[in-house]
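Asks: These protein sequence lines map, in sequence, to chains B and S. 43 is the number of the first residue of the first sequence in the working numbering; add one for each residue after it. 114 is the number of the first residue of the second sequence in the working numbering; add one for each residue after it.
Hint data in this document are derived by calculation from the structure and do not stem from the laboratory. Small disclaimer: the values here were computed from a predicted structure and weren't measured. Cβ coordinates follow ideal geometry from the N, Cα and C atoms, glycine included. One or more hints might be untrue.
Within a straight-line C-alpha distance of at most 35 Å, the following computed DSBU-like cross-link-like pairs (lysine-lysine) qualify [what the hints assert, rightly or not]:
#, chain 1, residue 1, chain 2, residue 2
1, S, Lys347, B, Lys49
2, S, Lys327, B, Lys153
3, S, Lys311, B, Lys153
4, B, Lys49, S, Lys318
5, S, Lys318, B, Lys310
6, B, Lys142, B, Lys49
7, B, Lys49, S, Lys317
8, S, Lys311, B, Lys142
9, S, Lys126, B, Lys235
10, S, Lys347, B, Lys106
11, S, Lys347, B, Lys153
12, S, Lys219, S, Lys347
13, B, Lys106, S, Lys327
14, B, Lys208, S, Lys126
15, B, Lys186, S, Lys126
16, B, Lys153, B, Lys142
17, B, Lys49, S, Lys327
18, B, Lys142, B, Lys235
19, B, Lys186, S, Lys327
20, S, Lys126, B, Lys310
21, B, Lys186, B, Lys310
Every beta carbon over 12 Å from chain B, so not counted as near; a handful from chain S, in silico [to be verified]:
#, residue
22, Ser146
23, Arg306
24, Trp312
Some chain B residues flagged as far from chain S (calculated, every beta-carbon gap over 12 Å) [claimed, not checked]:
#, residue
25, Ser97
26, Arg207
27, His281
28, Val293
29, Val309
30, Lys321
31, Val328
Residue-level listing of the chains:
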Amino acid sequence: MIVASGKGWLHPVRNPSSDDIQAPDNGFDFELSSTVLDGHYQLQGSLLHEDTSLSGLIAQGQAKAFLHLECPRTYFRRVFEFGNDSRLVTTIPQDAVRGKAEVLAMIVAVKDLPAYRHPQQNPDYGDNSFRVSPAEFLAVSGTKQIEFYPDMDQLPHISSLLTIRKGEEGLERMDINPTENRIVVLLPPEEHKMYSDIRLVGSVRDLLVNGVVMPALLHSLHFLRAMQPEELEDFKAGHRWARLILERLAVAGFPEPWGNADPADCVKGTLHLLRGPLKKSLNQLVQLILTPKSDES
Amino acid sequence: MNLEFLTAAATTKLEDQVQQPEVIELYQQGGFSALIQPDMVRLSRFQVNDPPVLMSNHDIVPEDEAVRRIHGWLFRLPVLSASDRRVWTYLSHVTFADYAWAVWGKSISDPERNTRDLVLDRLFMRGDGIRRLFHNAISRLWWFGHVTYDSQRPDPYELLPVLLSSQDIPTSLLERRYGMCPGLVRCFLEVIRDLGRKWQEFPKKSETIQAIGKDISLLGGSLVLDCLQIESMKGRLTEIIEARLAA
Chain B
43 MIVASGKGWL HPVRNPSSDD IQAPDNGFDF ELSSTVLDGH YQLQGSLLHE DTSLSGLIAQ
103 GQAKAFLHLE CPRTYFRRVF EFGNDSRLVT TIPQDAVRGK AEVLAMIVAV KDLPAYRHPQ
163 QNPDYGDNSF RVSPAEFLAV SGTKQIEFYP DMDQLPHISS LLTIRKGEEG LERMDINPTE
223 NRIVVLLPPE EHKMYSDIRL VGSVRDLLVN GVVMPALLHS LHFLRAMQPE ELEDFKAGHR
283 WARLILERLA VAGFPEPWGN ADPADCVKGT LHLLRGPLKK SLNQLVQLIL TPKSDES
Chain S
114 MNLEFLTAAA TTKLEDQVQQ PEVIELYQQG GFSALIQPDM VRLSRFQVND PPVLMSNHDI
174 VPEDEAVRRI HGWLFRLPVL SASDRRVWTY LSHVTFADYA WAVWGKSISD PERNTRDLVL
234 DRLFMRGDGI RRLFHNAISR LWWFGHVTYD SQRPDPYELL PVLLSSQDIP TSLLERRYGM
294 CPGLVRCFLE VIRDLGRKWQ EFPKKSETIQ AIGKDISLLG GSLVLDCLQI ESMKGRLTEI
354 IEARLAA
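Isolated chain S (complex conformation):
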């Protein structure tokens, strides 16, 4: 079978509709798949197997398993397509609508939250920046796999559990420009993994990760991260992280 996607016009129209009360209501009730009509969908030239199962007996599979399944399913997807809002809007609204709803439905249906912003953030892929890649309910799974996958390791997704061990790590690491630097993400995750219990038992992870992010940003202003040898990069990151843990 071929991967399906929405037309650009349909995606834009759908985004625009997310301010109409009746459409908002549909999203709040989880019935948003009904918004997709056959004439909004096109077949890509990208061939895929049957989509993976992300729900089991109404329960979602663990996030790291969902990453493995989505990234494995679309392993050869070019990054250009993996950054294409038409693909992920379709997958979030149709193929994996149940999963998207199971993970984000509680927030979307919360009357205290801004439904429109949440829907556009999690079920669409708006804008041009890095952040959007890691916010869509399904694209984030592919991109988490993409940035951690390393075919040289016995388990290519070995660093994935480290990335997902705190929700602050993807935000502080991947949604910043330095996160695009090849090698930096894996070095960072290796350093965290190698710290073992020293990291796991550290109490103020959230604040510390944010502070570490600022330190890496400063480091990237004084030297070219891309030109650092892997061992030097690990050394620098170890210094930064150890210093924050000791503070």
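Extracted from the complex, chain B is given alone in its bound form:
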């Protein structure tokens, strides 16, 4: 649910984007986090406001505070009640929601309020009071987005998101396919043989990352970048590697949505995901060059 900015009601409603209650006293917000727990998403939230008038109505049983959650992908829409302490702990089955959901917090009348007035209502309302019916808003926050994916809490090594395979005879250069469940990197047969021979040698691992993993990641981030936002959501729903990578980038503060992102962010994102690959490989090179071979000693 999205409440349009500047929306007007027939009675004063506390809302950060309206002046029914004048700024700076019109704040109404909430915090919400989601964790995966035993086949469920556990939601924990709290209301953020200092409105003693509305808190009083809740305490008297004339109003209730709810979290409203909508997940269009699975046609899920539900309200969850905050406790009298303004906190919420609830669960949603993992197979009820997936992908992006919209959430907002609100306080609604649950009884008829024949002469409602708010002590801080805009002077334009004068001293008037209003009839408020059950289910009508008394306060509403802005809308936020939350994502539901069962594997969101996992932070695997980037290498677990890639599969490196031998390409067909005749393949001349590396081929990257990001449309599978993992990013598939096909190497020309000769290069694949060399790669297979040395991939377990610890002293060159970071050099290999630069040569194989980095271009694959860069290509894949550009692949995601080229998608329209709606298309990207659909792709994420079916591709774990994309979810995990974009989640890790989001946590690191990269701009969202990734669809239509700045091309430069693909390079920055790749460097972030691989945790400074150039420095790592230069360090390995230095070690290889400076460490004397046994027959030279």
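Mind docking chain S on chain B? Use the hints.
Replies: Using the frame of chain B, we list chain S on its own:
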């Protein structure tokens, strides 16, 4: 047997192919099942009986019967799977390809229509929004059943004929955010059913349903539909619908 579905990669590849002239031609001729190769298909863990019959002597069964059969067949399908494009793309292309073609083939093969858009709309399930659930040739049957099914009624699908009585009702009711509100769809259908002949004989149903949809949308902006008691919701909907019929 286990429910089959397409891999995500195969689904994406198939969607991408629906711009190649030879593939478009295959769709226009109804031979699109041939596009599905065995290596594109996976077995889910969801166990099902044999699929229901939706065609009888080259005729399709009536839509409400098709809904009952598909929803009954996949009754325990989690909504997460019921919103998964891989499942419905497979069922539309293979298991119920005949039905999908019988219902939508005329439009798809019409040279005046945009075949690509129609194919992607009716035989795939693209995007992330609500609309896609009710547009795929087969998923729409399941979702029509899902939103109307009520185990407390002697006939759990009692409200289904009301939903299908006008093609504008699913569009105006289910493809909007307020349609996701639990209880609203059933209340709306009950009000329509209870109006009886007054509704059935009303001449401008299409325009009226669209106007009613806008009214419900406005109502949802002033109060929280989810917090209305069932009787209050029915009362509000009755007021809206009666007012439109009287206009």
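Asks: Each hint: holds or not?
Replies: Each hint, compared with the structure:
1. Restraint check: the Cα-Cα separation between S/Lys347 and B/Lys49 comes to about 26 Å, which is no more than 35 Å; the hinted pair holds.
2. Distance restraint check for S/Lys327 and B/Lys153: the Cα-Cα separation of roughly 27 Å lies within the 35 Å cut-off, and the hinted pair is therefore satisfied.
3. Restraint check: the Cα-Cα separation between S/Lys311 and B/Lys153 comes to about 34 Å, which is no more than 35 Å; the hinted pair holds.
4. Of the supplied pair hints, the one linking B/Lys49 and S/Lys318 holds, its CA atoms being roughly 31 Å apart against a limit of 35 Å.
5. A threshold of 35 Å between alpha carbons decides the hint, and for S/Lys318 with B/Lys310 the separation of about 56 Å lies outside it, so the pair is violated.
6. Of the pairs offered as hints, the one joining B/Lys142 and B/Lys49 holds, with about 24 Å between alpha carbons and a cut-off of 35 Å not exceeded.
7. As the CA atoms of B/Lys49 and S/Lys317 are separated by approximately 32 Å, the hinted pair is consistent with the 35 Å bound.
8. Taking the CA atoms of S/Lys311 and B/Lys142, the gap is near 42 Å; set against the 35 Å cutoff, the hint is violated.
9. The suggested pairing of S/Lys126 with B/Lys235 holds, with an alpha-carbon distance near 30 Å, which does not exceed 35 Å.
10. Between the alpha carbons of S/Lys347 and B/Lys106 the distance comes to roughly 22 Å, so the proposed pair stays at or under 35 Å and holds.
11. The hinted pair formed by S/Lys347 and B/Lys153 meets the criterion: a straight-line CA distance of about 18 Å does not exceed 35 Å.
12. Of the supplied pair hints, the one linking S/Lys219 and S/Lys347 is violated, its CA atoms being roughly 39 Å apart against a limit of 35 Å.
13. The straight-line distance between the Cα atoms of B/Lys106 and S/Lys327 is roughly 27 Å, inside the 35 Å bound, and the hint therefore holds.
14. Only pairs whose Cα atoms come within 35 Å are accepted, and B/Lys208 paired with S/Lys126 is accepted, the gap being roughly 22 Å.
15. A distance of roughly 33 Å separates the Cα atoms of B/Lys186 and S/Lys126; the hinted pair therefore holds under the 35 Å criterion.
16. For the hint linking B/Lys153 to B/Lys142, the alpha-carbon distance of about 33 Å falls within 35 Å, and the restraint holds.
17. As the CA atoms of B/Lys49 and S/Lys327 are separated by approximately 17 Å, the hinted pair is consistent with the 35 Å bound.
18. Using a Cα cut-off of 35 Å, the hinted pair B/Lys142 and B/Lys235 is violated, with the two alpha carbons roughly 42 Å apart.
19. Of the pairs offered as hints, the one joining B/Lys186 and S/Lys327 holds, with about 25 Å between alpha carbons and a cut-off of 35 Å not exceeded.
20. The suggested pairing of S/Lys126 with B/Lys310 holds, with an alpha-carbon distance near 29 Å, which does not exceed 35 Å.
21. Of the pairs offered as hints, the one joining B/Lys186 and B/Lys310 holds, with about 27 Å between alpha carbons and a cut-off of 35 Å not exceeded.
22. The beta carbon of S/Ser146 sits about 22 Å from the closest Cβ of chain B, which is more than 12 Å, so the claim that it is off the interface holds.
23. Here S/Arg306 stays apart from chain B, with its beta-carbon at least about 22 Å from theirs, past the 12 Å limit.
24. Against chain B, the non-interface label of S/Trp312 holds: every CB pair exceeds 12 Å, the least being about 26 Å.
25. For B/Ser97, the condition that its CB be more than 12 Å from all CB atoms of chain S holds, with the nearest at approximately 18 Å.
26. Distance to chain S confirms B/Arg207 as a non-interface residue, since its nearest Cβ pair spans about 14 Å, more than 12 Å.
27. With a least beta-carbon separation of about 6 Å from chain S, B/His281 fails to lie farther than 12 Å from that chain, contradicting its non-interface assignment.
28. For B/Val293, the requirement that its beta carbon stay farther than 12 Å from each beta carbon of chain S is met, with the minimum near 22 Å.
29. Every CB of chain S lies more than 12 Å from the CB of B/Val309, the least distance being 26 Å, so the non-interface label holds.
30. Non-interface status of B/Lys321 relative to chain S is upheld: no Cβ of that chain comes within 12 Å, the nearest being about 35 Å off.
31. The Cβ of B/Val328 sits about 41 Å from the closest Cβ of chain S, beyond the 12 Å cut-off, so the non-interface label holds.
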